[in-house]
Structure formats: C-alpha cells, structure tokens
Amino acid sequence: MDLTQEIQTQVVSAIAQRRELNIVGGGSKAFYGREPVGEPLPVSGHRGVIEYEPGELVLIARCGTPLAEIESLLAGEGQMLPFEPPHFGPATLGGAVAAGLSGPRRPFTGAVRDFVLGVKIVTGRGEVLSFGGQVMKNVAGFDLSRLLAGSLGTLGVLLEISLKVLPSPVMEVTLRREIPPALALESMTKLTNQSLPLTGLCYLEPFLYIRIGGTESAVASAIAAVEGEVQDDEENFWLGLREQQLPFFTEGAANLWRLSVAPATPIPDLQGEWILDWGGAQRWLRASIPAKDIFDYAARLGGHATLFRTQGLRQQIFQPLPPALARLHQTLKEAFDPHRLFNPGRMYEAF
Amino acid sequence: MTFHTHPSEVIHHEVPRQVMIQALRRHLPEDGLLWEESELCPFECDGLYAYRRTPWLVALPETREQVRSVLIECRERGVPVVIRGAGTGLSGGALPLDKGVLLSLTRLNRILEIDPANRMARVEPGVTNAAITQAAANHGLYYAPDPSSQIACSIGGNVAENAGGVHCLKYGLTVHNIQRLKFFTMEGEEITAGGTGLEGPGLDLLALMTGSEGLLGVVTEITVKLLPVPESARVLLAAFDDIGKAAAAVAAVIQAGLVPAGLEMMDRFAIHAVEDFMRVGYPREAEAILLCEVDGTEAQVEDESVVAQQVLEQAGAFEVRVSRNEAERRRFWAGRKAAFPAMGKITPDYYCMDGTIPRHRLAEVLAGIARLSEKYQLKVANVFHAGDGNLHPLIIYDGSIPGALEKTERLGAEILELCVRVGGTITGEHGVGIEKINQMCVQFGREELQQFHAVKQAFDPRGLLNPGKAVPTLARCAEFGAMHVHKGQLPHPELERF
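Same order as they appear, the protein sequences are chains Y and D.
Residue numbering for the first sequence follows numbering that gives the first Met the number 0, starting at 0 and increasing by one per position.
Residue numbering for the second sequence follows numbering that gives the first Met the number 0, starting at 0 and increasing by one per position.
Some hints here could point you the wrong way.
[As the list claims (entries may be wrong)] Here are some chain D residues pointing at chain Y (derived, C-beta under 8 Å): (1) C167; (2) G196; (3) G201; (4) H359.
Hints are computed from structural coordinates only; laboratory data are not their basis.
Every residue, glycine too, gets a C-beta built ideally from N, C-alpha and C.
Kindly produce the complete structure, drawing on both the sequences and the hints.
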C-alpha cells in the first residue's frame, strides 16, 4: 500500500502547525534512544516490496514492510539481509534502517548502512526526495542514503529503501570451545586474522562461539582447522544473542550498555558482566555503575558507548559528542529538518 | 578545453596574489608554496588531462597544523580552496581555480600505525593505496579496495572519491573499508568521524564524507580496515562469441549464489588492443571475455570455481580456462590491468566513462553504446566491472583534430544519459568533479540538488571548498536545460534516442 501522499500531507500540515512528530513503524524499538516525544506519525501502513530481482541482489521496499516478510521472501531465493538485523518485536524495514542496528554477522559482511543503496524520504520541508538508487556503485552527489541509516528518524521520514542483499551461505555450523575470559580476546584475534569463512564470533563466559559458513567442503575444512565442538542447537544461541533473549540480557535489573571499541581492547576493570560479540568490536555490558564512567572509558579508547536498555530515566543515552562534532550535527539537522519536527531529542537533547 | 565555469559557481574576492603568498609562506616550509609559472604547470590538471587550468597558488603542507593554517588564512580572506591528492582522479575534481589555492596533501604521507590485532592501519591522506597493503603484508593482512591507479593514487583521494576497483563486488568500496576519519572543516575545526570500533557515535558522517569530492572538509588522517589475505584465489577466463551472452552470463553467475571477488568484462576491441600490446593469450576470436575471480579458503575456492565453470559453460561460453597457479592467475589479470595503457598505444587520446546500471540491463545498454558509437563515428572499447554493472566505455579520439574532443564529450554525455534512463547513475566510482557536473542536472531534480547544497552549507557556509564541482548550482542546470529524467520517464518517450 502506497501512502506516500498521505505521509507527505501529514508532514506538511505538521510544518504549518509546527507540530513535533514521533515517527512510528512497528514500535519494536520504542525502548531505544531518548524518550520519544511528539505526535505519533504511524508509517507501518506504507508497506510492500516494490522490486526484488534475485539476480541483481537488490530489494526495494516501503518503510512499513515487516522485516520478517522481507527475510522470508529472500530466504525463498537463498538470499538474506547480510547485516542480520535484530527485530526486538514486530520490526519494519524502515525502523531497522533508521535504528541502524546490525546483528552477529556484521563484522564479516557489513553493517546496515553498508547495504543501503538508496532511499526515498520526506524532508522537514515536506519534500519527497530520492537519493542513491538500485545500483551497486554510485558516487553521484553526497551519499545521503547512508547518512539516513542510523539517524533515528531525526533527519527525515524514510519512505522507501533500496538494499543490496547477498546469497546465504550454503550451510552454517557453530563450534563451541570453553576458554577462560583472560584468553578470549586473544583467541578471537587469532581466528579473525586468518583466512576463514567466519560468520559469527562471540564470547559469553565460559564459551567462545564460532560460526562458520560456506559450501559443504569449505565448512568441513574450516571445522578441521578450528578447535571446538560442533553445536546442535546453534541457531538458538545466535538468535538469542541477536534478539537479546539470552539470560544475560533478560535477568536482573542492571543497565544494558553497548560498547563499540577496537576489537582487541583489553576487558576493563568496570564492575559488570560482559558479552564480547563481533570478535570483540561490540561488547554488551550489564552494569549499574554511573553512566559518566562508561562514557569516559569509551571516549578514552576512541570508541563509543550506548545505554541500550535501562529501567531508569532515558536522558543521556548516546555517547556525548565533542563540541565541534555536536555543532556539525546541529547544522546537518537544520539542513534536513529546519523546523526541528522529526523525532526531536530522540538521539541528542539538542536536536 | 571544453569545461565551463558557470558564473554562479565562482567565488569572488579581491585578494592580490602577493598578499596571499605572504600570508601562506609564514606557515609553510621553504619549498611548500609554489607560484612560479614553471612550478605551477604540473598541477594544471588531474587524471582528466583534457581539462587544464594553471593554478593561482599551490600549497604543499607537511603537517596537520600547516593544513589548518592554510585553511584559516584562506577562510579569513574568502579565498576558495581546491584539495588535491595524487592527481590521478578521472573527473577533474582537482582542477584548479583561477583565483584559489590548490592544497596538495601529497606530503602528508606517513603511515602512522599498523595495528594487526585490531586489523587496522592509521595513515595520512598522501599515502598511496598500494603502500598500505605493502605495509600490512608481513602481518598477512591487506587493504581491499584496489583502483587501477593503486600504485599512484592516494588514500585521501580514494576517500574523496569513494574509489572502487576490481574487487568491489565482494569487498565493497572505500566507504566499506574505512572506520575513522579526521578532517578540518573550512572553518578550521577538527572533527573525528567514526571510531576505533566498527561504528561511530551519532550521525554517520564517515559515510557522508566518503565520496564528497573535497566539498565538505579536508581529511588529514584515515583509519582503514585490513583483512586477512585470502588463502587461495583462482581466475576463470570465459570466452563468448556474442557480447549479449557474456552479459547474460554475468547475471547467471550472481544468480547461482556466487559472490565472485571480481567479475570483469572486456569486449573484442579491448581484447585485441591488449593482445597487440602484451600477448597475454586472450582468445582473439572472442566477442567478449569474462574474468571471474573466486577467493577464500582452498576448499571454498575449489567448490566455487567448479560451480562458476558450470554456470559459464551453460551460459554459452565457448571456452572456459581456469588458472592453475598463481603465475597464471596473474597473467589472466595482467591483460585486464593493462587495458588502459594498451588503448593508449593505439590511439592518441581516449576518454573513459563511468556509468553504472542494473546488471540485467547490461546487454541492452552495450547494444545502445554500439549504436551511439556508430552514430558519432567514434570507436568505443568496453573494459569494465561487469559484476557491479559499472561500465567504463573508452571513447577513442584524436584531440589534435579540431572539434574531436567536443564530439567525444557529446557521445560520452549520451552514454551517461542512457545509463540514467535504465535506472543507473552517471558515475560509479570516478566522481562527478567538473566533468559530469551538467549530467548531475539529468540525474537529480531541483529539490534533491537543493538538499545537497543545504548539506554543503552545514559544513562550509561560505562555499569555499572546491566550488563549481560535484554539485551544480540551479542556475547552471537551468542554463544546461537538461531534461530531468525521473524514474526512467523522459518527456516525449516516443522519440528515438539512441
């Protein structure tokens, strides 16, 4: 169902009345970011796959299309969304791209934004604009499509998204090996620095989980080269990790933090429980220590931290930005949404 | 010279050159500022050598601080700046201005850090693409993007253009292979985009900066990702008696679930030029060849090359050779990599285009190019990244004949408009620069262009960085009078346009 006009009309009237809008897809990521404010702008009705050409590795769909529908369509052709996005509920494509979250496969295939080829948006001036397209390589004009990915709806309403997709590995196998936390990072580095068909690499004490994907003999030869026992219920672990259904995520009341740091960074002396995903480059921390300590720690390492889930107030959720970078965010926001209507304050208080 | 600077794209200032020389000399090393005619000459063009202009001044800073000082002196006086890397760009992005400073970053050429445990390298913008891979080699790592000019082109230029290469299909473009940038805005503020992890905080400025053609900021440090060198690689050389069959084979390879490391096509004209040039053993009787590289572990390569061979044979290849060892693999590639020099041997000049199209339109567009070639009576060779749908038609011409370049450009423009019409783009990896600035009016509508200008203004409110490149003013587009192709719908679709 094409609701482009309806959505555009709603935006135009919001501009006229200076009404702030809270863009809502499936609502599955309402917990994420700072507290949503503004009048809900539902976009899940704007749905449907517009084009899918398996031989092109390109899929174009409207923002409200359920992620599950897209994934099953792709699976029917032996293809997949290479960034393995978390759903966290009845997720839509638009929400997945706006949130910019990628799953366990990310270090080996790429992030959401890596696969965004083009977008159609409504800007804060009420214009419907298209950027990028449906081809693999395109350097005409600024790459605004990728900028929109992960912008949490602060720059515009995503209407359509064109994505690169990839063939799924013929088969995937997970190996599990028990190792002490002190050796986890070193073991992961050893694996990632070899030519191996890895598709997942995560340490959850006391186990290192190694997912391998490819043709049958490629997987067999990798299994022979990598130490570890083949797991039968492999799917459950990666799904539980991606959807945050493992006990690590569901038990207790401590805050859940996500840290993005260089993968070999030693585990710090912060009080809490860790999962080291993405070969160490994405770390989940359950901790109740002050936010400032965690943001400071991440900043010292040139990385960043996100207060991913909290039962407390949703104030400072994302890494504080240095002043010059914060000013640039502000001017960019004005370039897309001069009246500051879209998802105000969802990412940073200032915009 | 056929480029045209539109009056609306000129930054006016009354600063005498002598004043600017005095201002900049204070900040730069003895030999770091050029103003003598003879010294300026080498900087009058980049890789698009048909377009030239003598620079006003050339600054060659050696440090970040010097870069910043140059920017501040220019900003204070309202003097525009064009950034230049190694000068290998193919779209005239580094074409100098009559009254602007050409800021060359080639002397910022230090490799600051190779970090094997984190698989990254931190480098200055003047480091060449190939030097990064060399520096990482003893750790068994490499930097994946490999534009043809990789021995000479700088990583800073790669970032500015979002450079590709022959391995994009599997390994992506520059944007997929960098993780952090440090840059100065024209206001002299230093910004870090991205981070030491795989993703940065806030908006994805790293992606926005990549491919921004020197319009948004001056990159002074780049952290690139390194990958482990694949254990094995093999190239299949498939020969076809019909270019349409070769085009269909490209789609068949992808549809078979393969993601080759590279999938390149050369047509008969290119094959012959290469064979005359260096005799790599390409089949002269073929109308087209495909080079299909598979890489990974030994087992993966074995499996995938078997599948690829079957698919190529089923698609109608009359011959499929599989490289038996590393020496043969290199020989298969050598011809492809020498295609441009080989063309240089048989023609005084050639003009390389860069349109990208959806793969399933390949056969149709190649036929369209052949018709246009006939119409203009100019020969066109096709050597290109077929797997990405990224065409590089090479138009053969003799620049010493009056009007030949203009005719060549008209043919080039028609080829690009054909690409846009089938749902493609005017540039896959070479950038817009000044070369394709008019075609931007075809690719984008008024409101999209205005959005680009708004983004530019957020970074560079006075418009001093690389004015007149990459994003046309609306005044230029009005004058160019291009028909805006929207979703492949042209006004008067009944007209024959080939």
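Evaluation of the provided hints:
no.	hint	verdict
1	C167	holds, 6 Å
2	G196	holds, 3 Å
3	G201	holds, 6 Å
4	H359	holds, 6 Å
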